[in-house]
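Colleague: The lines below spell out each chain.
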Amino acid sequence: MIAVEDLRKRYGKTLAVDGLSFTVEPGRVVGFLGPNGAGKTTTLRILLGLVRANSGQATILGQRYNELERPFCQVGAVLEASGFHPGRKARNHLRVVAQAGHVPKKRVDEVLEIVGLEGAAKKRVGAYSLGMRQRLALAAALLGDPGVLILDEPANGLDPEGIRWLRDLLRSLAAEGRAVLISSHVLAEVEQTVDEVVIINKGRFVAHGSVESLTRSVEGRVRVCSPQAAKLEKQLTKAGLTVKTDGYALLVAGGSSEQVGEIAAKSQLVLHELTPVTTQLEDVFFALTSGEQK
Amino acid sequence: MIASLSSEWLKIRTTRTIYWLLFALAALVTLLVVSSILAGHKVDLVGADKQLNLIGIGILAPVIALMMGLIVSTGEFRHGTITPTLLTTPSRPLVVVSKGIAAILLGVALVAFAEALVIGEMAALLPLRGIDFALQGGDAARLLVRILAASAIWAGIGSALGLAFRNQIGTFVGCFAWLFIAEGLVQAILASRWIDSHAGRFLPLSSTLSIFNDGKNNADSHMLGQWAGVAVLSGWMLLATILALVLLQRRDVS
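Order-wise, the sequence lines are chains A and B. Going by my numbering, the final residue of the first sequence carries number 1619, and the count climbs one at a time with no gaps. Going by my numbering, the final residue of the second sequence carries number 262, and the count climbs one at a time with no gaps.
If you are wondering where the hints come from, they were derived from the structure by calculation, not from laboratory data. A portion of the hints provided could be inaccurate.
To be verified - Facing chain A, according to a computed beta carbon distance under 10 Å, are these residues of chain B, among others: (1) Leu18; (2) Thr97; (3) Asn175; (4) Gln176.
Glycine included, each C-beta is placed from N, C-alpha and C at the ideal position.
Full structure from sequences and hints, please.
Modeller: In structure tokens:
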């Protein structure tokens, strides 16, 4: 449905996107993750025909965005919460977009209800909070009832309730068979929303897979606290484990909590805490991108 | 095309900018007409020829129309609305043309409103000074048509330049610097004894002035004729539109 193939984009001396390839299938919510400046927004803008790639292809439903028939009714996009005239009322903003996108007027009220802005529809956008603007941007994206949604950091500015609402909305849209590509650098916020993730860094592909498969691929760690931390660190290192100091605690990689406990017992060292750390998407992300960050 | 054009027109109607401009325009026109009629010499107000000069206040109209065009286009970049515009209308040439037509319609509508106000105020105020309202058809209608034609073209030029250069303040300053300073300098240089050329009459402001030149007081015999002025000014609009098409087509919107 969405296919990015060997995409490259250069801005002057900076290679913003460097040979990126991935696909998004219908009915899936795919997180597009990377640190700030990784090339996420550039990739999404190339997909939407706003930025021209130097080479490679970015297609939706097998065609470039500009070549799609009535693209606005096939692809909905949220790119920024600033694409509004502050003096225009929210409902009028949607009317303007609907008019250009060949969408019937009655759909404007429908999407306002979907995003929960029906009560604020007659307010000027300049009086909107960032969260309300995000909802309005999402309403515009849904106007054409598209089969593909491309969302760039849509949770920015949303409160916890808004984030939960967004998560439920995206899940329900995917359940209807839509493909959703959602970029974010706040990993916790997409972890519970996405089926799979594409991770990029410095414009390059890093990993693509389900959250489960990626978390499995990264080694677990053990958090251990001891009043004799220095001695414990020495013993653990001697046993071939990797140890990082995290304030009072030690983070141990390469061994289970049983192993760490046994080493401490053999050395007669006191432990105050011994906890296996569950691998989360954030750990995967940092593990996969740490080498490239250096 | 119709969807894009009606969306552009809806954009114009749904912000307060247009209504503030209408108000400012009405205030300016009223100030000029009232002061001319109430404070001017009676002898300067009697007869159709003299009263035509009051309609000629509309010579400011092309400047107003240029401002309209610039606001319509640069506002898209200033507020970031160019992104939703290009998502709904990915064809950039279509965006340039739709915006141009919307700006022309807006420019013509505002200038028509200003001229209607001038004529209404003249009809109401002249009798207060015991002067008959003498404008009838003919010359007045021809002058109005010329003012509207020049305004339409300048609105188109403004819209195209706004899309080409994007920065609202920079484009405004550039346009007004050209109109009020640079073009005069270029003309002076061209007409100097070293170059001795009349090519300056083809410049935008000169061709506009030639549209308003009725030939009765033609001190400058090198001026273009009225229709030649329309043609040359249209050429400038075409050039600005091509520039906008080329630059917008090549530019990344990020």
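Colleague: Which constraints among the numbered hints does this structure fail? Numbers only, ascending.
Modeller: Per hint list: 3, 4 violated.
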